[in-house]
Each structure stands twice: as C-alpha cells, then as structure tokens.
Amino acid sequence: MHIPDGYLSPQTFIPLYGASFVFWSIALKKIKKELSAKYIPYLAMAAAFSFLIMMFNVPIPGGTTGHAVGAGIIAILLGPWAAVVAVSVVLIIQAIVFGDGGITAIGANCFNMAVVIPFVSYWVFKLIKGDAHSGARFYVAAFLSGYIGLSVAAILTGFEFGIQPIIASAPDGKPLYAPYPLSIAVPAMAIEHMFVFGIVEGMVTALILKYFVKHESDLVYATKEA
Amino acid sequence: MTRFQKKLWIGILIMALLTPLGIYLPEKFKSGGAWGEWGADELKELLGYVPEGLKKMADFWKAPVPDYNFGGENAAMSTQVISYIISGMIGIAAAAIVIYAIMKFLTKHEK
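In the order they appear, the protein sequences are chains A and B. Residues in the first sequence are numbered consecutively from 1, following my numbering. Residues in the second sequence are numbered consecutively from 1001, following my numbering.
Don't read these hints as lab results, they were simulated from the structure. Where hints are given, some of them may not hold.
What the hints assert, rightly or not - Examples of chain A residues toward chain B, derived with CB under 10 Å:
#, residue
1, P10
2, I14
3, V22
4, I26
5, I40
6, P41
7, M45
8, F49
9, T65
10, D131
All values reported here derive from a predicted model rather than from experimental measurement. C-beta: ideal position from N, C-alpha, C; glycine also.
Same shape as in the complex, but just chain A (with noise of 0.2 Å):
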C-alpha cells in the first residue's frame, strides 16, 4: 500500500499532503497535552512494532504480496491521535531511507495508512465491542477493527490510483501517473486485502490486544474511556 513516486498527480499528492499536515499539527498537540510521560516508551516501541510488521510481506501464492500495518492496534492501545504519530514516523522513515513509498506520496501514504486506519479502526472496535471488556464479543471487535481499517485504507489506496487517469492523461489518451482506471485498481486493492492481508491485520490485533488485557490491562486506551 506504499504509493511510490510518479503514481499520483501532483493534484493528488499535493492535497493529500495537505490533509496529512493537518492531522499531524493536531495528533502533536493531542500527544503532547494528553500522552502522560509513562506512555512515551510505549509510543516508541509502537512505531519499531508498526516498521517491522510491514516488513512481513504476505505472499498470495502466484500472484502480488502484501502486509499488515499495526496501525489498528496501535490505536486500540495508545488511541487514534498517538497511532498517527507513530505509523506517519515510521512511514516517513520507510520512505526516506529505504525508498519504501515515495517522497512526494508521503502524504498519500501518511493519510491512507497513519490516519485513515487508526480512526476506522478505533471506532470499529469501540461501536462493536459495547460494553464488553473480556470475551469473544470483545476480541471480534478487534478482529474487525484491524480488519475493516485495512481493508478501507486499501480501498482508499485504490481510488487514488484508480481516479489518475481521469484526472492526468496525455494527448494520446495515455495516462500520466498510476495507469489502471478505477474498476480495475479499486477491487485489486480492495480483494487482496479483504481476502488475505485484513485477516492478518486482524488477527494481530485481537492477539496483541489479548496479550496486553492479559498483562497490562490498565494500559489500554480504548477501554478506559467512558
């Protein structure tokens, strides 16, 4: 889901860019009132988390691989506005050293990944999981918040590929950038990740999240909240 460089028009990018900066400016300053200074370490191992799990690319046998990104549990553990901070801290990363992503889709790529998944996914987990603090009830909410924000993060993915030739074509009718049109880049995005790669975002999640019910219940920030 790592947009590289020269798929998106500049009319693309740079709004995306936009939308990722004004949610930065914001998780900042949400961390920096809200975070205690006993969940930094916390952050900080969240984000080597997030940069490792995309490092297990899933492969569909014959066909395209893929990779959970941590972003769900992440928000479930330390809430939305931490979680963007520390996936956009590894995507930029990921970006800049190891060309995984393009520079001038780091906003794409923060907004899809570091912002469109943890609030699908912390509100997932919080409308289906009620008033459940244990139980399959529970750990089904974070199935699907980890399933579902992958899932509309990828879809998301591939309407902005898919809205490129429409938007950038040449005079010859060759597209510019990303070159499928949207009935072809939408459902590639949406079935590889509905198929394979959610499920292993969400059983992820619900492990990770049971191991930290488990040891550290106190800790979680999507089940303190009233």
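Position chain B relative to chain A; hints supplied.
This is chain B only, laid out in the frame that chain A set:
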C-alpha cells in the same frame, strides 16, 4: 524500564530476527511485488510503455538502502536476508529515536 516493557522490547527484537520470512515466503510461493508498486521496467512489461509523468518523477529520490537491501537488485538470498535484518534493526532504532526526539521537543516547549 518496567519488566513488561523489557519483555515487549525482547519481542520486538525477536520479530526483527524473523523478518526475513517476509522475503523468503514470497520467493517460495512465487509471488511478485505489491499491487501498484511496480518499477518503471515492470510497468513497461505490463503496459508496453512507461507513463510520461511517472517516468519523470519515479527516480528523483535515491534512497540510501533501496528495498531494505544493501546488495543491489541481484544480491544473493543470504545477502538479502542479512540486509533485511539489519534494515529492521535500523528501522527500530530510527523509529524510537525520532519518537523520543519529538516527545522531547514537545515537552520542552511546554509552558
């Protein structure tokens, strides 16, 4: 550092040592790259041409460690595996340092 945090860091280090699965398994199952992340040469093969705008923008940034690989495109699997683990370690260190720096900056400017 609490005992729980120590445990989590150990878990993260074990994860870093296991990352080569993320290149080994795709190779074993003959999977390609991610959808929408093709290089210019792959696009040429897929489409028969390279989109003009993409061609101009694709290579403007030269990452120091492209694809988490120190050995270049045709590196042996063993080089890739070692590169991948080292990249994971660099990633952990960089992520943690940047987070601590941000938090330090935020608390310093507190009134």
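A quick look at each hint next to the structure:
1. P10: holds (9 Å)
2. I14: Interface hint status for A/I14: violated (13 Å vs cutoff 10 Å).
3. V22: Since chain B brings no Cβ nearer than about 17 Å to A/V22, farther than 10 Å, the hint is violated.
4. I26: violated (13 Å)
5. I40: Hint holds; A/I40 Cβ to chain B Cβ min 5 Å, cut 10 Å.
6. P41: holds (6 Å)
7. M45: holds (6 Å)
8. F49: Holds. Min distance 6 Å.
9. T65: Since the shortest Cβ distance to chain B is 5 Å, the answer is holds.
10. D131: violated (27 Å)
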